[in-house]
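**Student:** The chain contents come next:
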Amino acid sequence: MKRTLPLLLILALVVVFAYLFATKGVISAPTELRPLGKFYLEKCMIGGDFAAGSPEAVTSILWDYRGLDTLFETSVFFLAIIGSLMLFSFKVKEVVREQELTLVVRSVTKIAAVMILAVSASIALHGHLTPGGGFQGGSALAVAPLLVLVAFSRKILETSGLSLKRAIVIRSLGLMGILLTALLPLTLGGYIMQNLPIFPKYIADQLTSGSLIFYNVFEYLAVGAGFTAVFLLISIPEKNFVEEEK
Amino acid sequence: MIHLVILAISVLIGLVFSYLAITERDLLKAVGFSAIQAVAYAIAFYLLMAPDIVLAYVAISVGIYSALLIFLIRKTGRYEV
Chain R
10 MKRTLPLLLI LALVVVFAYL FATKGVISAP TELRPLGKFY LEKCMIGGDF AAGSPEAVTS
70 ILWDYRGLDT LFETSVFFLA IIGSLMLFSF KVKEVVREQE LTLVVRSVTK IAAVMILAVS
130 ASIALHGHLT PGGGFQGGSA LAVAPLLVLV AFSRKILETS GLSLKRAIVI RSLGLMGILL
190 TALLPLTLGG YIMQNLPIFP KYIADQLTSG SLIFYNVFEY LAVGAGFTAV FLLISIPEKN
250 FVEEEK
Chain B
16 MIHLVILAIS VLIGLVFSYL AITERDLLKA VGFSAIQAVA YAIAFYLLMA PDIVLAYVAI
76 SVGIYSALLI FLIRKTGRYE V
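Just so you know, the protein sequences line up as chains R and B, in that order. One gets this note's numbering by counting positions in the first sequence from 1 and adding 9 to each. One gets this note's numbering by counting positions in the second sequence from 1 and adding 15 to each.
Same shape as in the complex, but just chain R:
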């Protein structure tokens, strides 16, 4: 066991240093909020002109106070996905029969996939009320088709309606939704990505936090479908790629 000795050494060092730092009081947790954090916590739900209309400070910062940051982050993420779509622009041979995993794995996958879909929807759609949001929900959503892809086959996913083309279409619809929600305030005399009062805080007596719920839903679709598209491509074995004739 060549690896045990260095591991024990590292562990001992970490524990000793952590103990020394903790007892000497070099590093201590802050006991009170910083002014900036206090501002966001107080104003995110009820803050007049500064309100985002949501009790969830993280989502408020992500899609309202620092909305442009998230918008550009999203565009970087989708440029990466466009890059991988380009890399895989081969023709693919039709496969008649693919190998599936055992009955136990398939049964568990059937149950787990449905549960993951429900949980991801709840993470994304309650993103403006409880921890969570579009990106978190979308990445959880992408795990469900991934499990089906591994336990069953690529073919089943495609015949049940989630083909590569459809995943890309859903992803593009999500992106369009984000863009339209960001640009809509401009046409109504507001600023770009403005939230309240352009978007209503309540819809049918439900707290929807203005534009936050729209951003969350569209990001959910875009991230989930984007990851799914990449996985649909990356799961193709190399031997099924066909060189295009020149």
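These are calculated hints, taken from the structure and not from any lab test. Only a predicted model underlies this, so the values are computations on that prediction, with no experimental measurement involved.
Pairs of lysine to aspartate or glutamate residues, derived as EDC-like cross-links and limited to a Cα-Cα distance of at most 16 Å, are as follows:
| id | chain 1 | residue 1 | chain 2 | residue 2 |
| --- | --- | --- | --- | --- |
| 1 | R | K164 | R | E109 |
| 2 | B | K90 | R | E247 |
| 3 | R | K11 | B | E39 |
| 4 | R | K210 | R | D58 |
| 5 | R | K164 | R | E103 |
| 6 | R | K119 | R | E109 |
Please build the complex by placing chain B on the supplied structure of chain R, with the hints as guidance.
**Tutor:** Okay, now just chain B, sitting in the frame of chain R:
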């Protein structure tokens, strides 16, 4: 107090398994170690009151990241030379 103990234990588990993942020559095993490390860090994030991070981190680091690496290992080679 008890949450600090759990925090220390989970972070140490994360440290051990990230060391194992780095030094392991069987890459499939290394992906497994890295997934365990991710679970330990998710517990740490939860105890540090960052539930938003936990939700994204669990889905990405245990599900998507591991699957991506396993697909790549299938396309290249299982053992590190």
